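The hints should help you fit chains A, Y, D and V with the ligands onto chain B, whose structure is shown.
Chains as they are written, first to last, in our numbering: chain B, 1 to 219; chain A, 1001 to 1219; chain Y, 2001 to 2259; chain D, 3001 to 3223; chain V, 4001 to 4223.
Note that these hints are calculated values from the structure, not bench results.
Incorrect hints may appear among the rest.
[Unchecked claim] Pair ranges (Cβ atoms, derived):
1. Y:Ile2068 with V:Leu4209: 47 to 57 Å
2. Y:Leu2101 with V:Ser4193: 33 to 43 Å
3. D:Glu3127 with Y:Gly2116: 36 to 46 Å
[Stated by the list, open to error] Stretch by stretch, here's where chain B covers chain A in the computed footprint (C-beta under 8 Å, at least three residues):
4. 1139-1145
5. 1178-1192
Owing to the predicted nature of the structure, the values given are computational and were not obtained by experimental measurement.
Ideal Cβ positions, reconstructed from N, Cα and C, are used throughout, including at glycine.
As a plain string of letters, each chain reads:
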Amino acid sequence: MRRMGDAPALFDAVALTCLRGRRLVFEDLAFRLDAGGALMLVGPNGAGKSSLLRVLAGLIEPLSGAIRWDGEDVTADREAHRARLAFVGHLDAVKPAFTVRETLEVWAGLFGAEAVSAETLDAAMDAWGLDALAHVRGAELSAGQKRRAALARLMLQDRPLWLLDEPTTALDAASVATLERLVAEHRGRGGLVVASTHGGFAMPGATVLDIADFQAEAA
Amino acid sequence: MRRMGDAPALFDAVALTCLRGRRLVFEDLAFRLDAGGALMLVGPNGAGKSSLLRVLAGLIEPLSGAIRWDGEDVTADREAHRARLAFVGHLDAVKPAFTVRETLEVWAGLFGAEAVSAETLDAAMDAWGLDALAHVRGAELSAGQKRRAALARLMLQDRPLWLLDEPTTALDAASVATLERLVAEHRGRGGLVVASTHGGFAMPGATVLDIADFQAEAA
Amino acid sequence: MHRFANPGRFMRVADRLQPWLLWGGLALLVAGLYKALLDSPPDYQQHDTVRILYIHVPSAMLAQGAYIMMALGSASFLIWKHPLGDLLARSAAPIGAALTLVCLITGSVWGKPTWGTYWVWDARLTSMLILLFLFIGYMALANAFDDPARGDKPAAILAVVGIVNIPIIKFSVYFFNTLHQQSTLFRREGPSMPPEMLTPLLIMFGAFTCLFLWLLAVRLRGEFAKVRLRAIRAGLVRRAETAGRRRAPAGGPVEEGAG
Amino acid sequence: MIAAAFLAMLKRDVRLALRQSTDLGMILGFFVIAASLFPFGVGPNPETLARLAPGIIWVLALLAVMLSLDRLFQSDWEDGSLEQMALAPAPLSVIVLAKATAHWLTACLPLIAVAPVIAVMLNLPAEAYGVLLAGLALGTPTLSLIGAVGAALALGARKAGLLIAVLVLPLYIPVLIFGVTAVDAHLTQISVSAHFLYLGALLAAAAPLCPWAAAAAIRHSVG
Amino acid sequence: MIAAAFLAMLKRDVRLALRQSTDLGMILGFFVIAASLFPFGVGPNPETLARLAPGIIWVLALLAVMLSLDRLFQSDWEDGSLEQMALAPAPLSVIVLAKATAHWLTACLPLIAVAPVIAVMLNLPAEAYGVLLAGLALGTPTLSLIGAVGAALALGARKAGLLIAVLVLPLYIPVLIFGVTAVDAHLTQISVSAHFLYLGALLAAAAPLCPWAAAAAIRHSVG
Ligand code: HEM
Ligand SMILES: Nc1ncnc2c1ncn2[C@@H]1O[C@H](COP(=O)(O)OP(=O)(O)OP(=O)(O)O)[C@@H](O)[C@H]1O
Ligand SMILES: Nc1ncnc2c1ncn2[C@@H]1O[C@H](COP(=O)(O)OP(=O)(O)OP(=O)(O)O)[C@@H](O)[C@H]1O
Ligand SMILES: [Mg+2]
Ligand SMILES: [Mg+2]
Chain B
1 MRRMGDAPAL
11 FDAVALTCLR
21 GRRLVFEDLA
31 FRLDAGGALM
41 LVGPNGAGKS
51 SLLRVLAGLI
61 EPLSGAIRWD
71 GEDVTADREA
81 HRARLAFVGH
91 LDAVKPAFTV
101 RETLEVWAGL
111 FGAEAVSAET
121 LDAAMDAWGL
131 DALAHVRGAE
141 LSAGQKRRAA
151 LARLMLQDRP
161 LWLLDEPTTA
171 LDAASVATLE
181 RLVAEHRGRG
191 GLVVASTHGG
201 FAMPGATVLD
211 IADFQAEAA
Chain A
1001 MRRMGDAPAL
1011 FDAVALTCLR
1021 GRRLVFEDLA
1031 FRLDAGGALM
1041 LVGPNGAGKS
1051 SLLRVLAGLI
1061 EPLSGAIRWD
1071 GEDVTADREA
1081 HRARLAFVGH
1091 LDAVKPAFTV
1101 RETLEVWAGL
1111 FGAEAVSAET
1121 LDAAMDAWGL
1131 DALAHVRGAE
1141 LSAGQKRRAA
1151 LARLMLQDRP
1161 LWLLDEPTTA
1171 LDAASVATLE
1181 RLVAEHRGRG
1191 GLVVASTHGG
1201 FAMPGATVLD
1211 IADFQAEAA
Chain Y
2001 MHRFANPGRF
2011 MRVADRLQPW
2021 LLWGGLALLV
2031 AGLYKALLDS
2041 PPDYQQHDTV
2051 RILYIHVPSA
2061 MLAQGAYIMM
2071 ALGSASFLIW
2081 KHPLGDLLAR
2091 SAAPIGAALT
2101 LVCLITGSVW
2111 GKPTWGTYWV
2121 WDARLTSMLI
2131 LLFLFIGYMA
2141 LANAFDDPAR
2151 GDKPAAILAV
2161 VGIVNIPIIK
2171 FSVYFFNTLH
2181 QQSTLFRREG
2191 PSMPPEMLTP
2201 LLIMFGAFTC
2211 LFLWLLAVRL
2221 RGEFAKVRLR
2231 AIRAGLVRRA
2241 ETAGRRRAPA
2251 GGPVEEGAG
Chain D
3001 MIAAAFLAML
3011 KRDVRLALRQ
3021 STDLGMILGF
3031 FVIAASLFPF
3041 GVGPNPETLA
3051 RLAPGIIWVL
3061 ALLAVMLSLD
3071 RLFQSDWEDG
3081 SLEQMALAPA
3091 PLSVIVLAKA
3101 TAHWLTACLP
3111 LIAVAPVIAV
3121 MLNLPAEAYG
3131 VLLAGLALGT
3141 PTLSLIGAVG
3151 AALALGARKA
3161 GLLIAVLVLP
3171 LYIPVLIFGV
3181 TAVDAHLTQI
3191 SVSAHFLYLG
3201 ALLAAAAPLC
3211 PWAAAAAIRH
3221 SVG
Chain V
4001 MIAAAFLAML
4011 KRDVRLALRQ
4021 STDLGMILGF
4031 FVIAASLFPF
4041 GVGPNPETLA
4051 RLAPGIIWVL
4061 ALLAVMLSLD
4071 RLFQSDWEDG
4081 SLEQMALAPA
4091 PLSVIVLAKA
4101 TAHWLTACLP
4111 LIAVAPVIAV
4121 MLNLPAEAYG
4131 VLLAGLALGT
4141 PTLSLIGAVG
4151 AALALGARKA
4161 GLLIAVLVLP
4171 LYIPVLIFGV
4181 TAVDAHLTQI
4191 SVSAHFLYLG
4201 ALLAAAAPLC
4211 PWAAAAAIRH
4221 SVG
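For reference, chain B alone in the conformation it holds in the complex:
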């Protein structure tokens, strides 16, 4: 709908409509991103930022509309789509019983074990200042430390598309700076980022998408 006549975007969505329970969360939403692009989702609580991110990840089926990668509908090959994205949601997926290192090892295995070397693991822990916490169990982490472990997952998988739902929750200023740096690097390599925020997180040059504009009532 909003696509111009030029070459297909790397990642775009058209006419997305999302129904959750009996609520029409957003309607006729569209965006396009090219290599290195970023989309910043804003909007009040309950606007549908998380819902959109889950739709993009393939966790929720949209009621209608299409999401396309390189011009091809992602529902055509869901497995390929899952293999190209990394998702960090509101929940950290950190097990109380596992140490930080074990947590990362488990995810590394799940996301394609062979590929993840010990160095990658170390680099991920190092990037997030988790080295000192490597042997601390999840149950003993502070909120921000847990969040950092969840974000370190991004470094384990070499995925072009990052979907981040309020990634800066509970992070201190230094960690927010780390995240901003890593996002910039990722975009520099041609990666894409879709992130939601209520402020305090900057992605220079990102397209801002206010979900409230696509609310059913506003149509």
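Frame of chain B, contents of chains A, Y, D and V with the ligands only:
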């Protein structure tokens, strides 16, 4: 230790030391607050903000030191201390199976049922913009909506001491403004607030306490 | 660390005793096994199966001894908050459980030829099984938490409460109708056992006791080391973290903590 | 205020259990399926079955109760509800008592309700139903109370799940014994009042002690 | 990659189970404790116990499955791990199969390992051991697989309780009955191959179907 010779503060702590597991989180921490006062806890992830708030709530025993209300050690009458504080931690305590209204009713009952009238409940829901969500189940709330339900608990109990652990997590700008207004009103009535934050939350005239200053090694 | 200064002195004594207990126990064991298996008469009724006795009885008695030791340690920990009591109980529990298991296994292996069944639900056997459950429950509780300070008190209470089982084991053969042998060793009239059986039994009992004490000392050392290791590792985490923190904003001067 | 808090928690937990009916279904399902298994093993001889019926029903009741224990505090602990309860002005032991009561209402009472069905399946003589049910009614609250202590102790434990069972099942044995022997005594025309007195005494001891112990364990775990 | 994901999840779940529910010694202890409740209930008569033994052991298998299965997905669902699994490139059904396998290894295998001890304690004739163990080995994987569907259904679905009662529990019954009657048949000199064929057929049907059904239920719940 840091107390001057004048009248006892309304709420103060001296020489607080906190041990979690085998970690000495902070040492020899002290502060004092008078009626209408506010304490803003800052510090990097894992510094001990949540730990201090839990100590002040009586959930964790400090290793040493004293917390006093009106000059009297709060351990002397724990029940009275519990009855004078309201605590909002990292966890929202919102049950997926209960609607927002039911959630608030349950807490109202727990915190001394007779006192909480239907009007108070309505006022709390109104203040946090939860009216439209009254009959939505916890499982269907967005992150910020859940957080607002947790914060609405503050309105159900008329407690002089508010302990808030990163209360603005997941809140949109309007809700942050609401919180700031409610905190100001509470302080205007002579209430006390101790809140932690990583930024984005203002309490004019609050004492700022950087927990990193009380780290064991820095002593 | 001052809390463990006292156990430290205790450990030095235990260390000095350790080799004596080990070698003495082994020597007694060899002597006892020789006497029991080769140099004692077969029973006129039970023939050679009676030789199980020389393992069965010492393990039964020491299992109860281990329990009593665990309960006393726990009681002293509860009453005087003496950490040594807790360490002692934690060390004794697995040994006691193993001895109980040995008693149960030898007993049931013995039961098949003599009573015609491996197991009956009579009072002696059942109360011994409960002793095993008590050991298991104690170990489960004491080791259930990463912060040992959380499990120690409930576990100690369990150990103390469970002591009622000991007299039940002891007197079950008198108060209930049971297949199991009544006491032949400890009776008011003195032991009613031929000396050629009594001697190896006593030697084996001595061997088991020495080895039990030796194992206990080894485990005590282990428990003690665990406590210290945990303290040291906690100190390391703390130090590494503050070092990391200091890289970003400037902190105060860092001194190595005393931990 | 204490009574209000008790009632509020009781109502909450009952409502929560009814809404998440999964647990209830599982417990009853286990109880009935397990009971219906024994006739296959023992053979159709109705007399043998009848003799075993009280024991089977009681043991299965114990196991079924245990099945539901680990959820007594666990989910409240994970989502922060338990720390709010620990901060309520009402004594935590009262709240624990309310939760144990709710557990009894939602886990044990349904078992008592289906017990007659199982008794029929197992051929228990009709004159024993009364004593069986009375024994269950008097004994199961003790099971809930003891279970609450186990569940509270296991919070945050590295080895939570079976810790409860290993601690709690041995403590259930006295209740089991008095419950079963009451039925046997009744069937052999012996007065059952002594058995019921014992069950009552166990309940009377558990009612104040268990909530207190569980509350202490919870305070430790929310720290 | 699929095999790697399978192994990674299997290892994780086994490790998690051993770490947080208990170590193996405690699982074994649990089964012995649970089994020894029955003699307290039905009395120590060796002959009766022998007759009940297969039923008791199979009831314990049911208990083992139910005790741990509802937590199979629940805690992963609550803390966001399950949505990560749903997003992993490997098919979700493979991950479910890994989790069910881990569950069988940590809950059912220990039971099979102590079954002989329990059989001795309950006086089961020695010639029945082989059939009992073979039946358990063939039947318990089916229980784990069916249970996984129930556990997945219980996530989120509002009427899950009913679904489980209607769908899952009835599927358990044939497994249990064939398992118990195989032992009896053997003891009465009847050939047991028919029983084992049925158990094998159930497993063969469950192995592909259950992970698929459970995966579908999970996709629904993480939406
Ligand atoms: C699993 C089965 C058995 C268990 C749990 C068991 C348990 C015990 C225990 C706890 C004691 C020590 C009592 C004390 O401290 O005074 C003991 C002693 C003894 N047991 Fe067993 N027993 C079992 C089977 C047998 C069998 C089958 C026999 C032989 C027929 C046997 C013969 C004895 C004898 C002779 C003693 C020494 C009694 C004395 O001198 O006090 N036991 N057993
Ligand atoms: N339950 C626990 N047991 C042992 N140690 C813990 C526990 N919870 C937290 N800690 C440790 O105590 C320290 C302080 O944690 P705390 O949660 O108070 O930090 P915080 O300042 O609130 O951090 P954040 O900004 O990330 O929320 C951390 O280093 C953490 O690893
Ligand atoms: N599982 C669900 N079932 C039904 N409705 C849901 C569900 N989750 C969220 N909703 C509803 O969908 C709407 C959008 O929720 P969403 O979580 O996407 O909001 P959000 O923009 O992420 O808000 P926040 O800033 O609070 O995280 C909300 O009104 C919410 O009530
Ligand atoms: Mg959201
Ligand atoms: Mg915190």
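Hints versus structure:
1. Separation of Y:Ile2068 from V:Leu4209 is about 56 Å and conforms to the stated range, judged on CB atoms against 47 to 57 Å.
2. The hint said 33 to 43 Å for the Cβ distance between Y:Leu2101 and V:Ser4193, and at roughly 37 Å that hint holds.
3. Remark: the range hint 36 to 46 Å for D:Glu3127 to Y:Gly2116 is upheld by a beta-carbon distance near 37 Å.
4. Counting residues of the segment 1139-1145 of chain A whose CB lies closer than 8 Å to any CB of chain B gives 6, which reaches the minimum of 3, so the coverage claim holds.
5. Using a Cβ-Cβ cut-off of 8 Å, 0 residues of the segment 1178-1192 of chain A lie near chain B, which falls short of the minimum of three, so the contact claim is violated.
Checked against the numbered hints above, the structure violates only hint 5.
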